[in-house]
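Engineer: Sequence:
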Amino acid sequence: MFAARFQPSPPALSADLGLLTKLSPDQISEFCNAALELLQEEHLQQPKMFARAARQLGVDTNVVERGMNALCHILTRAAALAAPPECLVDGLDVTLPADVLCKLQEAYAGAAPLLGQLVSDGLQLPMFHSLEWRLQVQLAGRYAPMGECRPSFLLRLHTREGESGAKEQTHLLQADVSNLRHLTSELEAALLEEKSAYTRRISRRLRS
Numbered sequence: 023m024f025a026a027r028f029q030p031s032p033p034a035l036s037a038d039l040g041l042l043t044k045l046s047p048d049q050i051s052e053f054c055n056a057a058l059e060l061l062q063e064e065h066l067q068q069p070k071m072f073a074r075a076a077r078q079l080g081v082d083t084n085v086v087e088r089g090m091n092a093l094c095h096i097l098t099r100a101a102a103l104a105a106p107p108e109c110l111v112d113g114l115d116v117t118l119p120a121d122v123l124c125k126l127q128e129a130y131a132g133a134a135p136l137l138g139q140l141v142s143d144g145l146q147l148p149m150f151h152s153l154e155w156r157l158q159v160q161l162a163g164r165y166a167p168m169g170e171c172r173p174s175f176l177l178r179l180h181t182r183e184g185e186s187g188a189k190e191q192t193h194l195l196q197a198d199v200s201n202l203r204h205l206t207s208e209l210e211a212a213l214l215e216e217k218s219a220y221t222r223r224i225s226r227r228l229r230s
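Number 35 in this note's numbering belongs to position 13 of the sequence shown; there are no gaps in the numbering.
Keep in mind that the hints were calculated from the coordinates and are not lab data.
What you are looking at is a predicted structure, and each value in this text was computed from that prediction instead of being measured.
Among the hints, a few may not be true.
Here are the simulated distance ranges between beta carbons [claimed, not checked]:
| hint | residue 1 | residue 2 | range |
| --- | --- | --- | --- |
| 1 | LEU177 | ALA211 | 15 to 23 Å |
| 2 | ASP198 | ASP48 | 29 to 37 Å |
| 3 | VAL159 | ASP121 | 26 to 34 Å |
| 4 | GLY113 | PRO47 | 18 to 26 Å |
| 5 | LEU209 | PRO173 | 19 to 27 Å |
| 6 | VAL159 | LEU209 | 23 to 31 Å |
| 7 | ARG182 | THR221 | 18 to 26 Å |
The beta-carbon is built from N, C-alpha and C at its ideal position, and this holds for glycine as well.
Make the full structure from the sequences, and use the hints.
Structural biologist: Here it is, written out as structure tokens:
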């Protein structure tokens with residue numbers, strides 16, 4: 023019933039959810055608790071948490087990160103429609119063991135009020151405040167090719183967090199010209215996507 027109401031999921035979602043098929047029911051409960059923490063606390067030290075889980079499971083850190091992000095996705099997409107626990111994975115091309123699926127549905131049912139609040143309020147993500155940049159060129163060096171200049175950009179990104187934007191953070195980044203050009207094109211594509219009919223439908227549904 024709810025499968026028809028769910029928006030199409032990203033193509034890689036089913037593959038990323040493959041990690042859940044390898045977890046025990048107890049591990050599923052731990053993953054769900056970690057996913058809820060990630061959704062509430064954006065300042066958690068995610069790389070350390072992913073690395074620790076990867077060591078315990080004997081898999082690559084990227085596999086854990088993608089699996090956790092996929093789990094967050096299916097929890098929030100179900101909460102956005104107030105879907106019942108039995109419809110949590112409707113429309114997804116993934117088959118979970120019965121005991122694992124039961125644990126996942128139990129975790130969703132217990133966290134449904136919190137997830138509903140998070141979806142209605144919107145996830146508290148850092149907001150852009152300002153950006154400073156400096157062009158620097160490496161003219162010579164031990165590992166620099168002779169006669170070749172290496173331009174790069176040093177960026178200082180300022181973000182703010184919280185409803186009042188009182189908490190400010192500074193991020194120091196460095197990028198070469200090709201990566202910065204790629205980043206610019208990705209941001210421009212994201213801005214265009216924000217104006218698409220699909221994005222507007224999702225926005226209206228979350229506000230309703």
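Engineer: Against this structure, judge whether each hint is valid.
Structural biologist: Checked hints:
1. LEU177 with ALA211: 15 to 23 Å: Cβ of LEU177 to Cβ of ALA211: about 20 Å, so the range 15 to 23 Å holds.
2. ASP198 with ASP48: 29 to 37 Å: violated (45 Å)
3. VAL159 with ASP121: 26 to 34 Å: The hinted range 26 to 34 Å is violated for VAL159 and ASP121, with Cβ atoms some 60 Å apart.
4. GLY113 with PRO47: 18 to 26 Å: holds (23 Å)
5. LEU209 with PRO173: 19 to 27 Å: At roughly 20 Å between Cβ atoms, PRO173 and LEU209 fall inside 19 to 27 Å, so the hint holds.
6. VAL159 with LEU209: 23 to 31 Å: Holds, at about 24 Å.
7. ARG182 with THR221: 18 to 26 Å: holds (24 Å)
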